[in-house]
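2 protein chains.
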Amino acid sequence: MNICTYSYEEFLHLVKSFHGTLAPGLLIGGFMVDLAMKNLPDGELFDAICETPVCLPDAVQILTPCTIGNGWLSVVPFGKFAVTLYEKYSGRGVRVYLDTEKLNNWPEIRDWYLKKKKKQDQDSEKLFGQIKEAGHGLLSLQKVQVEPEKVRRKKMGPVAVCPVCQEAYPTRDGDKCRSCQGDTPYSDIVSVSASK
Amino acid sequence: MNICTYSYEEFLHLVKSFHGTLAPGLLIGGFMVDLAMKNLPDGELFDAICETPVCLPDAVQILTPCTIGNGWLSVVPFGKFAVTLYEKYSGRGVRVYLDTEKLNNWPEIRDWYLKKKKKQDQDSEKLFGQIKEAGHGLLSLQKVQVEPEKVRRKKMGPVAVCPVCQEAYPTRDGDKCRSCQGDTPYSDIVSVSASK
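Just so you know, the sequences run in chain order E and F. Sequential numbering from 467 applies to the first sequence in our numbering. Sequential numbering from 467 applies to the second sequence in our numbering.
No wet-lab data here; the hints were simulated from the structure. Fair warning: this is a prediction, and the values are worked out from it, not measured in the lab. It is possible that part of the hints are untrue.
Copies of the same chain look alike in the list, so a pair counts if it fits in one copy or across any two.
As the list claims (entries may be wrong) - As a list, the in silico DSBU-like pairs of lysine-lysine whose alpha-carbon atoms are at most 30 Å apart:
(1) Lys568 to Lys642
(2) Lys583 to Lys504
(3) Lys584 to Lys609
(4) Lys598 to Lys621
Extracted from the complex, chain E is given alone in its bound form (with noise of 0.2 Å):
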């Protein structure tokens, strides 16, 4: 049993360096991401989507050449179990799910999935080995159009100095970044300089 180029065991040992936990969801994500490329369509460059941002994109990230760095991989937040690669021009591609259907098979992975069960109740032994089990088991395919323009990131365009910051920003965004239009995620900011 291989997820792409590992052995079940090496990717566990990425998944732990990468990701820092053996999270459950990167585990089946190995799968899909591995069942996904073993059903890619015809092509040589392939871009991704995840369809949540938790776990799956570290899957991708790990066993693809596809990063949120270099826009290849992108996420849409649909809270969805789902990773699609798709032919970077044509936007054919491949969608792999976690299929409801095939859950029964596989309680604890169900009850793990459909938050049935508190996470202090899991059994994570059992879980670990029904996910091993299971492997492509819970999933299911499908051949998607991608439409490439609603998922891939803008380009940046021009860029200026801000006024008030005086760091570069892309100009679409007005007359001054929007950081310093009031988007910030920080509520202080103090200059210091730096140890090196």
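Assemble chain F onto chain E, guided by the hints.
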């Protein structure tokens, strides 16, 4: 000269392997994360904010435990080249940004960053040389107080099976999932059986 626990050369290899290309923004991003790590406030657990999805998130994901999938890295869409690491609970943090006032010492970086030259007119050897030479020299530092609830992703809450697509979704989105409400990036979906 190190980037966190890596030599500069080792960091270049990690960038190539994770991000696919030696993007200038990601190399500068390495120095930014390094400088932030060297100036952390007291604390044990740190979350990260990138103020652009471009390149910088990959520097954070390569060099810190914070990833998109584990939720410890948030991206705010300000189009600004800045990274913040902050103590998870208190919100006390350090923000590193590319300081436009320091850019004049490094004309090739300035012209790339402020988009003063077309890509084909850039001298990439000179650009990479100046990035390595500049190191922390382009950067400035601020102490910030983060309001974590403004950046951290929301808990998913209760889930249900969508009556249209039969997949699980967060009930906060309404009586069917957002995709079935019409937000879908797919124009065509066909179920297929998988090759394994």
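Q: Could you check the structure against the hints above and give me the numbers of any it violates, in ascending order?
A: Numbers 2, 3 - these are the hints that the structure violates, sorted from lowest upward.
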